[in-house]
Amino acid sequence: MDFSDTPEEAAFRAEVRAFLEANAEPKSETRTVYPVSYGSLDMLPLAREWQRKKAEAGLVGLSWPKQYGGRALPQIYQVIFDQEQSNYLVPHSVFDIGLGMCIPTMMTFATEEQKTRFVGPAVRGEEIWCQLFSEPAAGSDVAALQTRSVKDGDDWVINGQKIWTSGAHFSDWGVLVTRSDPSLPKHKGLTFFFLNMKSPGITIKPIRQISDSSNFNEVFFTDVRIPDAQRLGAVGDGWKVAVATLMNERLAVGESREPNFADLFRLCRQLELEDGPALRNALIRDKLADWYVQQQGMRFTRFRTMTALSRGQTPGPESSMLKIVNANKRQAIARFGSELLEMTGSLVDPGLSPLKAVMQQALLDAPGTRIGGGTEEILRTVIAERVLGMPAEIRVDKDIPFKDLAKQ
Amino acid sequence: MDFSDTPEEAAFRAEVRAFLEANAEPKSETRTVYPVSYGSLDMLPLAREWQRKKAEAGLVGLSWPKQYGGRALPQIYQVIFDQEQSNYLVPHSVFDIGLGMCIPTMMTFATEEQKTRFVGPAVRGEEIWCQLFSEPAAGSDVAALQTRSVKDGDDWVINGQKIWTSGAHFSDWGVLVTRSDPSLPKHKGLTFFFLNMKSPGITIKPIRQISDSSNFNEVFFTDVRIPDAQRLGAVGDGWKVAVATLMNERLAVGESREPNFADLFRLCRQLELEDGPALRNALIRDKLADWYVQQQGMRFTRFRTMTALSRGQTPGPESSMLKIVNANKRQAIARFGSELLEMTGSLVDPGLSPLKAVMQQALLDAPGTRIGGGTEEILRTVIAERVLGMPAEIRVDKDIPFKDLAKQ
Amino acid sequence: MNFDFSDEQQELRSQARRFLEKHCTPAKVNARLDGAPFDRTLWQAIADMGWMGTAIPEEYGGLGLSYIDLCVIAEELGRCVAPVPFSSSAYLATNAILQAADERQKTAWLPGLADGSVIGTFALSEGTAAPSAKTIGTTFDGKTLSGTKLPVIDADCADFAIVVARDSQGRIVLCRADLRQPAVAIEAVDSVDDSRGHAKVTFNRAPAELLAGQTGWSVIETLIDGAAVLVSFEQIGGAQRSLEMARDYSLQRRSFGRQIGSYQAIKHKLADMWIAIETARSNAYYGAWALQNGPAELPVAAAAARISACEAYWFASKENIQTHGGVGFTWEFDCHLYYRRAALLAVMLGSPRIWKDRLIQTLEQRNAA
Amino acid sequence: MNFDFSDEQQELRSQARRFLEKHCTPAKVNARLDGAPFDRTLWQAIADMGWMGTAIPEEYGGLGLSYIDLCVIAEELGRCVAPVPFSSSAYLATNAILQAADERQKTAWLPGLADGSVIGTFALSEGTAAPSAKTIGTTFDGKTLSGTKLPVIDADCADFAIVVARDSQGRIVLCRADLRQPAVAIEAVDSVDDSRGHAKVTFNRAPAELLAGQTGWSVIETLIDGAAVLVSFEQIGGAQRSLEMARDYSLQRRSFGRQIGSYQAIKHKLADMWIAIETARSNAYYGAWALQNGPAELPVAAAAARISACEAYWFASKENIQTHGGVGFTWEFDCHLYYRRAALLAVMLGSPRIWKDRLIQTLEQRNAA
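As given, the protein sequences belong to chains A, B, C and D, one line each in that order. For the first sequence, the numbering used here gives the first residue as 1, with consecutive numbering after it. For the second sequence, the numbering used here gives the first residue as 1, with consecutive numbering after it. For the third sequence, the numbering used here gives the first residue as 1, with consecutive numbering after it. For the fourth sequence, the numbering used here gives the first residue as 1, with consecutive numbering after it.
Careful: at least some of the hints might be erroneous.
[Stated by the list, open to error] Under the rule of at most 20 Å between Cα atoms (straight-line distance), these lysine-lysine pairs were calculated in the PhoX-like manner: (1) A/Lys356 to C/Lys200; (2) A/Lys398 to A/Lys188; (3) B/Lys356 to D/Lys200; (4) B/Lys188 to B/Lys403.
Don't read these hints as lab results, they were simulated from the structure.
Isolated chain A, as found in the complex (with noise of 0.2 Å):
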């Protein structure tokens, strides 16, 4: 039990800090959200310089194979890495998906030519990557998938509709599970690809959320063509490749998104209550301390699975309760932090609020933070039969032919 950095570890945060320093402006009490927003266009540039300038310092890939650019270090130092990131302001990053997700997935089951080609402009920000599995009738049910794929001589030919689609808008290549044989049952005749998001037959449409910025895309294919040497992993074999890349998107879960417990600690001490400080508002220490105490237990809980990772061990479902637990509190926190200004709480302009008005903004944007990557109810299921070993949900549907399921 050693919370400190071994010097490997501290020589490695002191590389960190240099080169955020020289790279990137520090957050401060008035500014602590980067100005360009996620959806808008001046955005994506601004990504990809930020991207470029960590893959060149070799920043990226850190526990990758060095064969890939990697510098094949324990997971723990990412977590050193996004540590110090955080005291900065830096723009979103639209490479989580590829470089979490995708190119792993890829370096498992893409031939050596193909990983050649594509580990380093994922790294160095050239190429964005989207993952392509959701559909509307498979959402918590994955596997319930119909996007067919039917081989036509060395092409596979793809129609059918995918949906919550992360930076689809803007990625060059793709993730693709589809159905290449419904005779099956569902978990079978699934067939794994990764295409060129420009191919023909792709369209592309936006989906507007709730704090009307569009993350998500539907997308649409037609009789979009893939060629075999883009599949991975065996034909029928694609619940196994997705899963693999699933499980990938466990290690990716990273600390809670803003306001967290230092946002609502900044505004309560900016804001003065009707008796007083906010800050001496024996109700508000109390929320402070259970959102403090709930953050801290994530931060930590990572730092175990961290260190189970370095043992050798898989991660496990823990990744799941970081989701539902960091959901949860960001939601109360975005609504306490607006409640307590008062009328203005319902204001989302950034110019009439405290802190640029980011409890109203997330208070939008929350609902689906309890969504996205798993609503809880599946996630309190993964724990209890994954963890606990409680029996598995009555399952009606398991080994009937995919077919025959969607008519019923």
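With the hints as your guide, set chains B, C and D onto chain A.
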């Protein structure tokens, strides 16, 4: 929408007040709990005496038909009585189950002669009744009961075990549901009786609860004989009678047991915290307000039920809601109140703690409140299915003969 | 005791629901949210139903019904997230005049409010602080108002505002100021719920008229108490609709081969929504009675109604989204309308935190007396 | 960074669990709860394992291991609701002496604590108030103690108490007083968890010896911080066992033809217990590290560990009973042992409310610095 007493209600309220003033001691700031506790042997004669006085004053069975000594008043009159009585120190009632569930069931299913024989003594507190439904393997799932009844001449012979029988040890009579035909599916082969609790073959064993009281009992039946004349409803119709009995229970849900808002408010008025009077503390005010709002919400929900009843509607699952909210509130208040007392919050000695340690006592008693009369999990399912029309639980035991079920 | 709406009131509810389902569709709310201007046709149609004048005495052009009738309408308006300034005009501005204006003013001003030809709003808040006698900085010099109010809801469509100000003797007064005059600057601001306009309103020596009947902070408190009861019915209407949407979707959507409504995680969540709503409803009924008949009970009853309605709407609207899953947080579905409105109404008359504090204060005073 | 117990510590845990499962059964806890006297044989058996001396340096007769090792033992003791004065003697009394006594006193007193032949306890609370430098009324005149402590845990079996008192200059000091002497009156009091003795202890000019190393309230705070970390492991051990009991029962008990563990109401409840426990565990690990290596972090780490452990144990112990249904609230099943202990530990070192306030105070100070 009129919350005021009608002239008739006001007159009744005055009558009740006069009766209480003449016959009982009002609660005070320092005395809020009747000094003789439920479990103690002294309590029984005191409770009988109090019941006799109420009966003589015509204040029992208010809503019953006049022929059974009732006053044929709307249910709201019982609420008025309870409201007024709650301001006085009176013995714990041991008659609620008899008067609230057993006697109403008798009124519907017994012969005129039987009614004439039993109603009066129950009203006057001369005979106490209990209810024998639950069994060790049939808790929430009452219809899974196994206690056997076998016809033998003009009698039925009973063998088996009941559990959670409140007051069995001091009851004179009981209502009992048994399985008369295990070859039928579980809800079908049941038959309902009333019986003398002093019958040969009955063994009663008290169940010790966390709070160290023993309100409940296990009741063992060994070749207990019940005359067929004491059957209520047809042979095999026992489930219908049991459901009617439980329906009466819905009406019997009263105000929440202490500690409630008033107790916590009283405690906080007495308590000085590290930074001043407890009532000035913003956290405490927030909690108090939450519980006040819940308490009033449940109170007015009861009034709405009363109004519906007076319009001839049958009571719905509202009492499920009352039970869920009140039981959780009680446990939460008991915890909060205990913890406000810091290290003395673990002491149950009434002489050493404010309000005679009512918070700590309730802390030990509260887990049972959340379970007895239906767990909150079952009650939520009831609300979802019966009020909201959600799909029923997947049932695997519905149409199978009971005897085959038991083997599963 | 009779703790339910009367048959006439139930009939009023049915009428209102039929009317609103036809004229006040989610599409209209969405349009407004998306920047469409105030829908005057809808407002006029509502006015033609006579609703704005429900609780205005007949001598001032109203229907002379009770506040309990107005509660029925409030619940139905809340149910369809009506994008109209009803609460600003028919609760706050109207009641301010009823309670604080003199006879001449009532006669002059109420008929226009009753027939909907004039829209009023209420300008109280001046920023992040909970409004109180201490925080009001806007001044009234006897003839003109100076100061900034933020936010003023419905200032985009209101003709006048009842403005809370401090007079030259430091007393809290209510004034009526036309909003369409050069000395009033109205700057629109974005809010979580743009189906109701929000603005920063600056009075720069703007001519205004004192409400000549009553003054003092206690008038404001009673006014807000009454509005809190009415708004609690709007909240309950919205929460109830959220619950129904969640139920309907859960019966239709399938996952892992079953209706999602067959999972206890959903069933029990919906049961909890129902419990929260029924708790709020019971408290709101008591509030309605106190508003109409029990002024001594009003402060406690209004606080209880508001606190539980805020909680119920928050819970129901957020868990409705959650029950819908991915589609719930998009503009394709209407869940967001309710979540937005819940957030707005939770702060519109002061946050639950403030009301809880006031509730306990009132109970302390009552107990001390 | 390495954020887990070492292999040696895991081995220590296995040993401890095997030992306790054999020697510290629920029957023993129940017996004590039912009035059986302190089980000196069990205490001696634990002493023979060397546990009391885990973190006592070898020169004072201890094993000279770390506090992290002591945390491992604490978790196992909590798991079996051990009815022994371990926390009073091995955390509080021992650490008070380690931190506040002088060399001579340490040499004289620690070996007896390390080998279990002497049992100590800690006398701080004087009634309903949260103990602080202000509230201590017990006085020490240089030679004797006068005052009443309520409650003192484990006073029934302890040989001496470390007593927090005020000296004639008004300073807060720690004194060692024998409990078995005429000038000390020990009156047993009933508690929610009588598997640990509780008493009101009155010192009537009772001879006592000043701990001569350090004085002042800050010594008490550090002492309590350390104990909070250790107790948080006891709480996690108990909470974890509660979860396991709930799971095992839910797999065995059937209702409506299915294991109750197959219903989401139970599955998700248990998942929530697990989340609460893992949150507490992560905070406790940090607390353990801070106790051993990071004194500057200790106040924050101890508060976070204690707050989340109190919450986890409360939640897990009450929902374990709930999962058991009727049998859960009887003495037939062991659920109540954990619920009682959770209630005791939640107030033993001060309520979560007090700790939350202290946590924010520390974060404010840190932020101001």
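Hint by hint, here is what the structure shows:
no. : hint                 : in the structure
1   : A/Lys356 to C/Lys200 : holds (16 Å)
2   : A/Lys398 to A/Lys188 : holds (10 Å)
3   : B/Lys356 to D/Lys200 : holds (17 Å)
4   : B/Lys188 to B/Lys403 : holds (12 Å)
Hint compliance for this structure: no hint is broken.
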